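Asker: Just so you know, we're using my numbering here: the sequence shown kicks off at 9 and counts up by one.
The hints are simulated quantities; they were obtained by calculation from the structure and are not laboratory data. Don't take every hint at face value.
[Said to hold, decoys possible] Derived DSS-like pairs (lysine-lysine); straight-line CA-CA distance at most 27 Å: (1) LYS268 <-> LYS90; (2) LYS200 <-> LYS268; (3) LYS51 <-> LYS90; (4) LYS200 <-> LYS236.
Quick caveat, the model's predicted, so the values are computed rather than measured.
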Amino acid sequence: MDLSALMISFDHVQYFLLMFVRIMSMMMLMPIFGANYVPVQVKVALTLLFTSALFSVQLTIGLPHIDAGSLSVGLFFLLVIKEMMAGLIIGFAASFLFSAVNFAGRMVDTQMGFGFVELTDPMTEESITVIGQLKLILFTILFLLFNGHYFLLLTIQRSFEIIPLFGAVYPAEGIIAHFTVLVTNIFILGFKLAAPVFVVLILTMIALGIVARTVPQMNIFFVGLPLKIGLGLMTTIVVLPMLTSLFRRMTESFIQDIWKLLYMMS
């Protein structure tokens, strides 16, 4: 029996497992693919499919050699943790785009009076407001129309080109600074998405305050609540084309941030 052939085969198994760990970590956090309404069996099956496809590509390029004789269980476990961290960082950064959408919807709902009406988001299984759920559904469809899901798949594939296995580095200062910028962008993008409706509702509240001072016998609460809801919904419909173009630019900026993160970890 050719023992060298068995050794190479065992190296390939280790390489495949490490690729599987990185891809699975990304898939669990990425939007669309990592949503909670997607069954775990489907996620595992997709991960196995992507890992098998990328593994066959890596075989043609050439795999880095793993000395199975010197690779202890502890060292292999550390490699698994290292690849898991790479996948979690990339997947976590990929989820920030829809966090901005959720934040914008919650701001609008608070001003419209829908803040006390909450639903369960099927993606995150967390509480979300009515307009937030509507915007999340609309922008998810737009994300698919913009081929955002293809970009997520491309990110998985390019991660192994830019960050080879065993080659991931984690510059703490650079990663923390990059994630600080990403978190800041969540609030900036959220304010941009909510700004048109938010401004209209603020002006409506100012106008209602003036009316309350001039006509004190009028029940402002009785008039103001349906007025704010109606104006908010009408404004949302009117500005939706503008928000679509804004979301496209947000997606392009989001793609650039992911590429920066990949090169930072290479």
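Asker: Give a verdict on every hint.
Answerer: Each hint tested on the structure:
{"no.": "1", "hint": "LYS268 <-> LYS90", "result": "holds, 19 Å"}
{"no.": "2", "hint": "LYS200 <-> LYS268", "result": "holds, 23 Å"}
{"no.": "3", "hint": "LYS51 <-> LYS90", "result": "holds, 21 Å"}
{"no.": "4", "hint": "LYS200 <-> LYS236", "result": "holds, 20 Å"}
Against the hints set out earlier in the document, no violation occurs for any number.
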